[in-house]
Amino acid sequence: MAIGGLLILVGIGVVVGPLFGGCNLYQDLALVYDSKLQMVVQLVPAYKFIYGTSFAMDIASFAFVLLLPYLFFARKATFPKVYIFSLVFSVATPVIAVFLVTIANSIYMEGTSNFSDALQLLNRNSLIRGAIKCCVWIPYMCCSSRVKNTFVR
10 MAIGGLLILV
20 GIGVVVGPLF
30 GGCNLYQDLA
40 LVYDSKLQMV
50 VQLVPAYKFI
60 YGTSFAMDIA
70 SFAFVLLLPY
80 LFFARKATFP
90 KVYIFSLVFS
100 VATPVIAVFL
110 VTIANSIYME
120 GTSNFSDALQ
130 LLNRNSLIRG
140 AIKCCVWIPY
150 MCCSSRVKNT
160 FVR
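Numbering (our numbering) for the sequence shown: 10 to 162.
If you're looking for bench data, these hints aren't it; they were derived computationally from the structure. If you're wondering where the values come from, they're calculated on a predicted model, not measured in any experiment. All C-beta atoms in this analysis are idealised placements derived from N, C-alpha and C, irrespective of residue type, glycine included. Careful: at least some of the hints might be erroneous.
Unchecked claim - Pairwise CB distance ranges, derived in the manner of DEER restraints:
#, residue 1, residue 2, range
1, Val25, Ala101, 17 to 25 Å
2, Thr87, Arg133, 27 to 35 Å
3, Ala11, Tyr35, 14 to 22 Å
4, Lys85, Cys152, 13 to 21 Å
5, Asn134, Val161, 17 to 25 Å
6, Val25, Ile116, 38 to 46 Å
7, Leu34, Lys57, 26 to 34 Å
8, Ser115, Arg84, 29 to 37 Å
9, Lys90, Tyr35, 26 to 34 Å
10, Ile147, Ala69, 13 to 21 Å
11, Thr87, Ser115, 34 to 42 Å
12, Arg133, Ala72, 25 to 33 Å
13, Gly13, Ile105, 34 to 42 Å
Unchecked claim - Below are the DSS-like pairs computed for lysine-lysine, each with C-alpha atoms no more than 27 Å apart in a straight line:
#, residue 1, residue 2
14, Lys157, Lys142
15, Lys57, Lys142
16, Lys157, Lys57
17, Lys142, Lys85
18, Lys57, Lys90
Input sequences plus hints: build the corresponding full structure.
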């Protein structure tokens, strides 16, 4: 079956995704050379692990974003599963990073920060947008007959 209907919107997102993913990765890489961040890492050694973990998760997310166009246009049967995983991963990554920062703050700064305070520092709009994408596209990928008929190989 041809790619049509709502799959066109998914296709646009899959094609544009690497551009945004590359920009995010570039911004994270620029943080490595930020002198303020280096001072914070010296004050709280656990932040080095946290930023390293966050950067590794961003690289993994970018790898998914690069893989998705191939799976989509080749109409591979694995596309819906990988797409769902990448949606969930993109929402979970910042929450995991905030959780790690909260743990580090409670250990090194005598509990001055809690999880809800750190979660407020997240870009809430980005998190809400990601959650809405999950709520819309995960059921569509699981239940749509068009998806099942398109990605059969």
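Status of the hints after comparison with the structure:
1. For the pair Val25 and Ala101, the beta carbons lie near 21 Å from each other, so the given range of 17 to 25 Å is met.
2. Taken as a hint, the range 27 to 35 Å holds for the pair Thr87 and Arg133, whose Cβ atoms sit roughly 32 Å apart.
3. A beta carbon spacing of about 35 Å between Ala11 and Tyr35 contradicts the range 14 to 22 Å that was offered as a hint.
4. About 19 Å separates the C-beta atoms of Lys85 and Cys152, a value consistent with the hinted range of 13 to 21 Å.
5. Take Asn134 and Val161: their Cβ atoms lie about 37 Å apart, and the range 17 to 25 Å is violated.
6. In this structure, Val25 and Ile116 meet the distance hint of 38 to 46 Å, their C-beta atoms being roughly 40 Å apart.
7. Here the CB-CB span from Leu34 to Lys57 is close to 19 Å, at odds with the stated 26 to 34 Å.
8. The hint said 29 to 37 Å for the Cβ distance between Ser115 and Arg84, and at roughly 48 Å that hint is violated.
9. At roughly 28 Å, the beta carbons of Lys90 and Tyr35 sit within the given window of 26 to 34 Å.
10. Between Ile147 and Ala69 the C-beta distance comes to about 19 Å, which sits within the given range of 13 to 21 Å.
11. Our hint of 34 to 42 Å for Thr87 and Ser115 holds, since their Cβ atoms are close to 40 Å apart.
12. Under the hint 25 to 33 Å, the C-beta atoms of Arg133 and Ala72, about 26 Å apart, fit the expected range.
13. Roughly 36 Å separates the CB atoms of Gly13 and Ile105, a value that falls within the hinted 34 to 42 Å.
14. Simply put, Lys157 and Lys142 have alpha-carbon atoms about 19 Å apart, close enough for the 27 Å limit, and the pair holds.
15. As the CA atoms of Lys57 and Lys142 are separated by approximately 31 Å, the hinted pair breaks the 27 Å bound.
16. This hinted pair does not check out: Lys157 and Lys57 have alpha carbons roughly 44 Å apart, beyond 27 Å.
17. Straight-line distance between C-alpha atoms of Lys142 and Lys85 comes to about 21 Å, which keeps the hinted pair within the 27 Å bound.
18. In summary, the hint linking Lys57 to Lys90 is not supported, as the alpha carbons are separated by about 33 Å, beyond the 27 Å threshold.
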